[in-house]
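Number of protein chains: 2
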Amino acid sequence: MTKIDDVARLAGVSTATVSRALRGLPTVSAATRRRVLAAAEQLQYAVSPNASRLAGGKTGTVAIVVPRITRWFFGTVVEAVEDFLDQNGYDLLLYNLGGREQTRQRVLRTASLHKRVDAIILVATPLRPADVAALTKLDLPGVIVSSGSGVPGWPCVRIDDVAAARTATRHLLDLGHTRIAHISGDPDDELAFTTHLDRRRGYQEELHAAGIRTDPSLDVESQFTIDGGIRATAELLSRGEPPTAIFAACDEMAMGAMAALRDAGLRVPQDVSVIGIDDHDLAGVLGLSTVAQPAAEQGLLAARILLNPLGVRGADPYPGLVPPAGGAGTDGAAPTPPVILPTRLVVRESTAPPRAN
Amino acid sequence: MTKIDDVARLAGVSTATVSRALRGLPTVSAATRRRVLAAAEQLQYAVSPNASRLAGGKTGTVAIVVPRITRWFFGTVVEAVEDFLDQNGYDLLLYNLGGREQTRQRVLRTASLHKRVDAIILVATPLRPADVAALTKLDLPGVIVSSGSGVPGWPCVRIDDVAAARTATRHLLDLGHTRIAHISGDPDDELAFTTHLDRRRGYQEELHAAGIRTDPSLDVESQFTIDGGIRATAELLSRGEPPTAIFAACDEMAMGAMAALRDAGLRVPQDVSVIGIDDHDLAGVLGLSTVAQPAAEQGLLAARILLNPLGVRGADPYPGLVPPAGGAGTDGAAPTPPVILPTRLVVRESTAPPRAN
DNA sequence: CTGAAAGCGCTTACAG
DNA sequence: CTGAAAGCGCTTACAG
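Quick note, the sequences are listed as chains C and S, same order.
Once you know that position 153 of the first sequence is 153 in this note's numbering, the rest is easy, because the numbers rise by one and skip nothing.
Once you know that position 78 of the second sequence is 435 in this note's numbering, the rest is easy, because the numbers rise by one and skip nothing.
The hints are simulated quantities; they were obtained by calculation from the structure and are not laboratory data.
A hint or two may mislead.
[Said to hold, decoys possible] Listing some non-contacts, in silico: residues in chain S with all C-beta distances to chain C over 10 Å:
1) 379
2) 382
3) 386
4) 406
5) 510
6) 554
7) 572
8) 578
9) 613
10) 619
11) 649
12) 694
13) 698
14) 701
15) 709
16) 712
[Stated by the list, open to error] Keeping only pairs whose Cα atoms sit at most 25 Å apart, straight-line, the calculated SDA-like set for lysine to any residue is:
17) S/415 with C/56
18) S/472 with C/8
19) C/3 with S/414
20) C/137 with S/404
21) C/3 with S/487
22) S/472 with C/137
23) C/3 with C/25
24) S/360 with C/8
25) C/3 with C/115
26) S/494 with C/52
27) S/472 with C/52
The beta carbon of each residue, even a glycine, is placed where N, CA and C say it ideally should be.
Produce the complete structure using the sequences and hints provided.
Below you can see the structure in the form of structure tokens.
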């Protein structure tokens, strides 16, 4: 447990100089720096983060809050964020809400994050007004990924969920389907979580644009999971004549739908077409048609945006993208419009024209 | 940014008393405690982790190191660990190695973890002798999950990989297969990572026990991923007459194999049976037979074991299990035998008897 | 049961 | 370019 004093003694300088040399501050002579580094190396010195952060006022840590790390999208986002932060010397504190309201309150409501992290990334986290108030009062930089409801001053990175849903629905329409079901998330369960609401809206808009009346019996709510997809599809099939196509709000639901259809003796795509949104790792293996969204890119971009104001290298938060209006700088309180990343249709084997009746 | 002094002033007590009251130490009168809590509540006070940790010598943080958070097993383990730690007031620092040697060195070799965490969980992390030496010198409690190579004094939680592989192989033998291929991980890539070596050994042992000679052309090495499974299977098929069954070392490889077989025009299980190990979330959807391993349980148990010596409630690390020999206490340096969790065969639709020739 | 004081291991103005 | 000193916000013996 060597401390900075030990290094200072061995190098024959003050602790202030050791501190400066080790952090690469320019106000240290080359010779001194060399001696300090040698001493630190020899003693296997590692700075105490707590002491350093307490004295310096920075935590060197970013918190990321996700609903469930085991779901494809969230795992992929976390991995991308961790990668970037790691390369820039930041620690990542993981908060996996996992539906626990207690955890949610502790993370979002208490000031526990205040003195613990320099910044926050919120991924698809539904926010109640009280949450927004608490987060605002934290007065920390933050970024929202994949969510409509925001915190004032926090930039937003996402896809256009309405457009993605319209693309999926249009693909089915283009194939000739008219009895198109939709399975999506449960609003009661997810509070202000807008993703599934937007996707449902896209589904409805595209149907309307095609002159097709939406049929409530073809619109089933369930959870954004494999099991949710299974249950929603079972429910759908129990309602009578099956649809010729199912648009699932995410790939995991779509995969559940494929399983449920198979168990019901229906073939995909001969009897029922299935399409999702995501381009999950396993979509290819399952032959699932989908609207691909860039998950890792959203995470990376969020991390970049965050570390930029913190004065980290690898800056330029908007690689090739134009931050829609709003201007070029760190305008602070100005309501930043969301950065929208592109999606694209990926056609595989799970979608086909309906059987000639 | 209220601090402890503010609370002390408002409550009319010393900071020492505030500290004690807030931490629930018994040496505070009920009346005083009430006043302190009220004051803290009113001021929205939250302790500064850095100051607390610096003064108290504990970090309240556990580090978890995983190869890739996006792989099913690792994501599931992390989620279980995070859950338990969160409920016990610990933070989780996530290190996702992601194949980056640089990250690996930084995490494992430098003393960076030393003053940063109270304990470490290493999941399926291959360790070189230098890593072991560095970790040992850290002198921190740790637990190894799912790995054969250990750090002296660190308990180990895992399954019996040899036995799991034998179970999978035996299932294929029982169905009547004799041309059984194996696809597994690349030893060069994974260093001392013993999982795939053990699984290969189980495969070979079971074949030998059945009097079947192992055929090197049926044993292909690739990566422990979907793509790895695809590539391995393609390689296998390029070698001539296909096997009648494939035992993949993990479900993700098995899923890749299913996709590759389909692309080659081979049906599962009619032409080729496929079995994996894991019981991945999507195994059911894909109808994949597998040998299930308890991933969340391994994570939970690891977290329990770790927090036990740290004096955390929810103690009893071995729920119903007997820590094989070794004794009951915290014997410290005594080489702890690994805690082995059970696996079980799950038969679905991807395995069937070979076609009558 | 409670307080005054020292100390945790750094970093940061302030001088020089 | 470098050092002495104060301070970051807590917790911990030590007294009482």
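The hints, checked one at a time:
no. : hint             : result
1   : 379              : holds (13 Å)
2   : 382              : holds (20 Å)
3   : 386              : holds (26 Å)
4   : 406              : violated (5 Å)
5   : 510              : holds (18 Å)
6   : 554              : holds (25 Å)
7   : 572              : holds (27 Å)
8   : 578              : holds (20 Å)
9   : 613              : violated (7 Å)
10  : 619              : violated (8 Å)
11  : 649              : holds (16 Å)
12  : 694              : holds (30 Å)
13  : 698              : holds (19 Å)
14  : 701              : holds (21 Å)
15  : 709              : holds (16 Å)
16  : 712              : holds (22 Å)
17  : S/415 with C/56  : holds (19 Å)
18  : S/472 with C/8   : holds (19 Å)
19  : C/3 with S/414   : holds (14 Å)
20  : C/137 with S/404 : holds (16 Å)
21  : C/3 with S/487   : holds (23 Å)
22  : S/472 with C/137 : violated (30 Å)
23  : C/3 with C/25    : holds (19 Å)
24  : S/360 with C/8   : violated (32 Å)
25  : C/3 with C/115   : holds (24 Å)
26  : S/494 with C/52  : holds (22 Å)
27  : S/472 with C/52  : holds (11 Å)
Of the numbered hints stated above, those contradicted by the structure are hints 4, 9, 10, 22, 24, listed in ascending order.
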